[in-house]
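Starting from the known structure of chain A, fit chain B onto it as the hints suggest.
Residue numbers (this note's numbering), protein chains in the order written: chain A, 40 to 335; chain B, 40 to 335.
If a hint is listed, it holds; no wrong ones were tucked in.
Which copy is meant is left open, because identical chains are indistinguishable; a pair holds if it fits in one copy or across any two.
Here are the simulated lysine-lysine pairs, DSBU-like style, with alpha carbons at most 30 Å apart: (1) Lys167 - Lys243; (2) Lys203 - Lys134; (3) Lys61 - Lys203; (4) Lys209 - Lys61; (5) Lys334 - Lys287; (6) Lys320 - Lys81; (7) Lys211 - Lys334; (8) Lys61 - Lys211.
These are computed hints drawn from the structure, not numbers from a lab.
There are 2 protein chains.
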Amino acid sequence: MRTMEEYRALVEKALQNALPQKNGFSDVLYDACAYSLYASGKRLRPCLVLAAAEYMGVPVSEAMPYALAIEMIHTFSLIHDDLPAMDNDVLRRGKPTNHVVYGEAMAILAGDGLLTYAFEYMLQGAAKYPEHAQAHLRAIYAIASAAGLSGMGAGQSADVDYEKHGAAGKNKEALLSYIHENKTAAMIRGALLAGIELGDPDDKTRAAFAAYGKNMGIAFQIADDILDATSTTEEMGKTVGKDEAEGKLTYVALYGLDEARVHLENLTRDAITAIEPVDRKHYFASLAQALLTRKN
Amino acid sequence: MRTMEEYRALVEKALQNALPQKNGFSDVLYDACAYSLYASGKRLRPCLVLAAAEYMGVPVSEAMPYALAIEMIHTFSLIHDDLPAMDNDVLRRGKPTNHVVYGEAMAILAGDGLLTYAFEYMLQGAAKYPEHAQAHLRAIYAIASAAGLSGMGAGQSADVDYEKHGAAGKNKEALLSYIHENKTAAMIRGALLAGIELGDPDDKTRAAFAAYGKNMGIAFQIADDILDATSTTEEMGKTVGKDEAEGKLTYVALYGLDEARVHLENLTRDAITAIEPVDRKHYFASLAQALLTRKN
Numbered sequence: 040m041r042t043m044e045e046y047r048a049l050v051e052k053a054l055q056n057a058l059p060q061k062n063g064f065s066d067v068l069y070d071a072c073a074y075s076l077y078a079s080g081k082r083l084r085p086c087l088v089l090a091a092a093e094y095m096g097v098p099v100s101e102a103m104p105y106a107l108a109i110e111m112i113h114t115f116s117l118i119h120d121d122l123p124a125m126d127n128d129v130l131r132r133g134k135p136t137n138h139v140v141y142g143e144a145m146a147i148l149a150g151d152g153l154l155t156y157a158f159e160y161m162l163q164g165a166a167k168y169p170e171h172a173q174a175h176l177r178a179i180y181a182i183a184s185a186a187g188l189s190g191m192g193a194g195q196s197a198d199v200d201y202e203k204h205g206a207a208g209k210n211k212e213a214l215l216s217y218i219h220e221n222k223t224a225a226m227i228r229g230a231l232l233a234g235i236e237l238g239d240p241d242d243k244t245r246a247a248f249a250a251y252g253k254n255m256g257i258a259f260q261i262a263d264d265i266l267d268a269t270s271t272t273e274e275m276g277k278t279v280g281k282d283e284a285e286g287k288l289t290y291v292a293l294y295g296l297d298e299a300r301v302h303l304e305n306l307t308r309d310a311i312t313a314i315e316p317v318d319r320k321h322y323f324a325s326l327a328q329a330l331l332t333r334k335n
Numbered sequence: 040m041r042t043m044e045e046y047r048a049l050v051e052k053a054l055q056n057a058l059p060q061k062n063g064f065s066d067v068l069y070d071a072c073a074y075s076l077y078a079s080g081k082r083l084r085p086c087l088v089l090a091a092a093e094y095m096g097v098p099v100s101e102a103m104p105y106a107l108a109i110e111m112i113h114t115f116s117l118i119h120d121d122l123p124a125m126d127n128d129v130l131r132r133g134k135p136t137n138h139v140v141y142g143e144a145m146a147i148l149a150g151d152g153l154l155t156y157a158f159e160y161m162l163q164g165a166a167k168y169p170e171h172a173q174a175h176l177r178a179i180y181a182i183a184s185a186a187g188l189s190g191m192g193a194g195q196s197a198d199v200d201y202e203k204h205g206a207a208g209k210n211k212e213a214l215l216s217y218i219h220e221n222k223t224a225a226m227i228r229g230a231l232l233a234g235i236e237l238g239d240p241d242d243k244t245r246a247a248f249a250a251y252g253k254n255m256g257i258a259f260q261i262a263d264d265i266l267d268a269t270s271t272t273e274e275m276g277k278t279v280g281k282d283e284a285e286g287k288l289t290y291v292a293l294y295g296l297d298e299a300r301v302h303l304e305n306l307t308r309d310a311i312t313a314i315e316p317v318d319r320k321h322y323f324a325s326l327a328q329a330l331l332t333r334k335n
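With the rest of the complex left out, here is chain A:
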């Protein structure tokens, strides 16, 4: 296994050749996809795919399509999130958002295109390992279920619905947990599980990584909520302070900064406990610890 920085460098390199060649007819679409996909990001999710796969003894080359696909899906979610009808954000990853540059229609299509292409890309990768088809089907499923109607999409909709209609009789604590679990944690957990599934894991390993990913994912979102309330736009490369301005349901809004920090520490500890049963647990424990103290 390598450091996260090493994985990140491998991801950045592979990303550059991931999109289809231009064809003279849909070049604006490809430009719009590339604009957001190649914008500098943490690449956390793809690095988790690679780390989990290498942990299982799966080579980086076999896992890379899944790493890139999950970054495409993450990028799609950012493009659509930023749309005027959604969060109406103009700054992302230090650059004007996709719709500001390419217009709303093309930004919608770029998001749709990246989401669909992520699956096409994983399936192309899977076709190279016919003897390993079942494991690849499971890895794609881990990503699809994390992104979809029982995952990220469900979390997004609950988030949007809260902004429009408030809690509407729902328990606010339960609703916040649901939003964070689905909007953010599902894809972080999905990234780890996709990597693990490629290596035919036993149930114990699967359960350990699922619990680790879920706790780390929620912790990651709480850290994001805290940074939104305490950082500058320059530090973050995206507009900050909007959560409060828009009345978003966040850990900081519901519990205050101090209690949010306690939640963050507890969840990080839970993540570290969850990964105890697996080998090289220290690698993954350090990873959770590093995310806890991130600055952007």
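Then chain B, alone, in the frame of chain A:
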């Protein structure tokens, strides 16, 4: 093999149980997905999946997830197409469009959700046939590549780009072919190929269905262009006459009604010729013929 009406009845029945159960947190999203997915439609693409699968000796039960998934993807494309930033349509399948009922943000998320869930749903289906994993991977790939950056998404973007910027130096005839081939024909061809792939086809069969699907798909879109220019909104269940009003690049706009009708007949004949090499060619020839004379 059954009649298209019989396939349609099977699809309608299976669709009713296809979406996830409500969970109290994302119910609006599920309602928005169901609203458009259950709205009465021709269900052409799913019926093509089932007919092609049964032709290959694959049972309807194994092919059904692919049929429903392609209808979910088709529905996603309609919801996003109708958005204010895209075609800004208020009527679809005889009902107010998704964003008119649920708002723009939820309509974007419902489209995203249906697209992602389509893959989740196919993968759940595939998991039931471990001994047939490679065929299932090929079927999902047929659908992913038809829907994505080298298929429907590419066609949509060229369409949108033309409305905004005109042909911009491109050959209009070539551009129109590109749009129709990708926006519409790719998914009709993809539906047939998904069904075929489940049955481990030889290259001759694959090529015959690919050419048949492509020609029939373009013919289907030309018929749509003609109906848009000659029907009433009531007959079609969606706003007609908008192609001309918005300066869309269509067969009717570029060649006139008479020549569009000649194109339609020629392509139908090409589709029928393409399917000649396969058994039960009469079944598929009649199907192409029936689409030629459709009234909505």
